[in-house]
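Engineer: Below, each chain spelled out in residue letters.
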Amino acid sequence: MGRSIRVVTAGAVFALLLTGCVVQETRPLPKINATQAGSEIPEDELLDVAVHVFDPGVPLEIAKNEQALNKRRIYPDIRAAESRYVAMMLRGTLENSGQWGAVRVCPENVQFVDVSVSGKIIESTGAKLALQVTVKDSSGRVWLNSKRYASSADTGSYKTDAALKARDPFQNVYSEVANDMLTARATMTARNRRDIRRVTQLEFAQDLAPQAMDGYLFRDQKGLVSVSRLPATDDPLSTRIDRIRESDSGVVDTVNGYYANFTDQMSNSYGQWRRASFEEIEKEQRTLNQARTRTYLGAAAIVASVFVPQQCGLYDYNCRRLETGVRTAGAISGAASVLSGLKKYADARTHALELKELSESFQNEVAPQVVDVEGRTLKLTGTAEEQYREWRELLHQMYLEN
Amino acid sequence: MRNGVRIGLIAVAMGVAIAGRGCVTAPPPTAESLVAGAKDPAAEPTAAQSSPAQTPGERRAALDKQLNDSVGAFDAHLHEEQQKTAEERDARQATVSATTTAAADTPAASAGSHGGAQPARGDSKAPRAGDLKSDKSAGSTGSASGNGATATAIPDGNDDDIVARRIRKAAELETDPELKDKLWKEYVEYKKNSQVR
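Line order of the protein sequences matches chains C and U.
Using the numbering used here, the letters of the first sequence correspond one by one to residues 1 to 402.
Using the numbering used here, the letters of the second sequence correspond one by one to residues 1001 to 1197.
There could be a bad hint or two in this list.
Simulated crosslink set (SDA-like; lysine to any residue; CA at most 20 angstroms straight-line) [said to hold, decoys possible]:
id	chain 1	residue 1	chain 2	residue 2
1	U	Lys1065	C	Ser238
2	U	Lys1192	C	Asp161
3	U	Lys1065	C	Asp235
4	U	Lys1084	C	Val371
5	U	Lys1065	C	Glu246
6	U	Lys1084	C	Gly382
7	C	Lys379	U	Ala1076
8	C	Lys283	C	Glu360
9	U	Lys1065	C	Glu401
10	U	Lys1084	C	Leu380
Part of the chain U face toward chain C, derived, beta carbon under 7 angstroms [as the list claims (entries may be wrong)]:
id	residue
11	Leu1063
12	Asp1075
13	Arg1089
Don't read these hints as lab results, they were simulated from the structure.
Even for Gly, the Cβ is constructed at its ideal location relative to N, Cα and C.
Produce the complete structure using the sequences and hints provided.
Structural biologist: Now the structure itself:
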């Protein structure tokens, strides 16, 4: 009899431990902010930043398998929208810090920028955001190499609509990237920073007029680019190239404007989707944990009631009646617990289905917006590419004339 | 005899080449045509090639003009696009403001509706990213599609952070009244948001 009690006690402790493991942290997170510039940075040291549209991170092997995607909570159209949204949020954080020159979101084919940020979405739901970020400068120096950033959602942002608008639930991730970029920049001297700007300028010039601008840059064995000489300040070709570079900045600005409008357009619905996604994921997790606990404990109770050896003497009928009663009660409550666990699994599936439906509805809303912004971007960058081709030819002719 | 044939062939080839050069007297492409559709300059005659009698200086000037016209036309095209984007943003802002006002006017709607609790766009945390604030020449390429005068008083700049200082400076230096107004609005909005933060 004493042993039976010990078994039941052990079961209770096991149950408590199991419940203890599944407590979820849903308190608001401490807020991390991007370090603000304390003083004015000299103009010739301000580095421009291009945040490239992120890789949506849809694994190729399951890209066509809807079931597998749903299981991993990947919704391709939402990811396509997020790849621009996340870039825009990072841009906002960098710009607000006052530490950088022009910070713009642009497509991957924009190359000639002082610092370029590219990244991949590893995970993105209303509950968690994980990104992989790489930052390089124009001289080829790698500032951050596929560094992973992840954070749970700051539940404070989900409390009200105003809170959601005031601070992104994953602002900490963007702030951490901004602060790491700052740390990397701090390792450079003012001269390094000025050199990066010159390299960018000369790389752009070399792309437009390869023959005329040859020999100004030097690439070492590690692939790092440095300035070997500078064109004369009154060099007419350089002046013309600078004029074209202004137009190029205009292209990047315009594309950035497209992305800004897109982000603005989707932000309200996206915020609502994120909040709903967070709630459904939380409910699903909680229900799954309850389901597991109940099933395991129920199964344990049934096993115990069947397999715990008899403790009573052969002729101790009272004891045997009591023992049989305990065994029966254990088996019945175990079975009830297992059944309750199974019901909880069904509930969890319902929450997963609700999340899927919500996501499909949001996908239907955001997909045409993605197509629209991408179409406009491609049209403009395509026109610009054709223009550059023509300008390259004109510059080449000027070079020959000179 | 063979030499005579060769000389004849060379003479014919030279004649064809000269006639070919004489054909490329098409006028230089206009700036509009350059933006409207891309052309392959290698296939098209340029201004410099069009008149063999031109001096190198004239050819350079013609090329320069062609480049300037082309870049200018492209810039104008970009400016149009930026203006369109700014107008779209303003229109959306107006819709959001109208929705907010309507919701505020209707107590039942503001209590229960999903859109009712949504604050005006100006309350959002981030500065409007489409305003080309990223451009260091703050406002030089900005759109001039404002929709009214600055409604809010301009706060004093004693506690400005670096971003606010930059916007304020750009607003003070701006000569275009419409753009100036937009920059002040941007400044007021930024200050408001930074206080919320």
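Engineer: Against the structure, test the hints numbered earlier, and report the numbers of the ones violated in rising order.
Structural biologist: none
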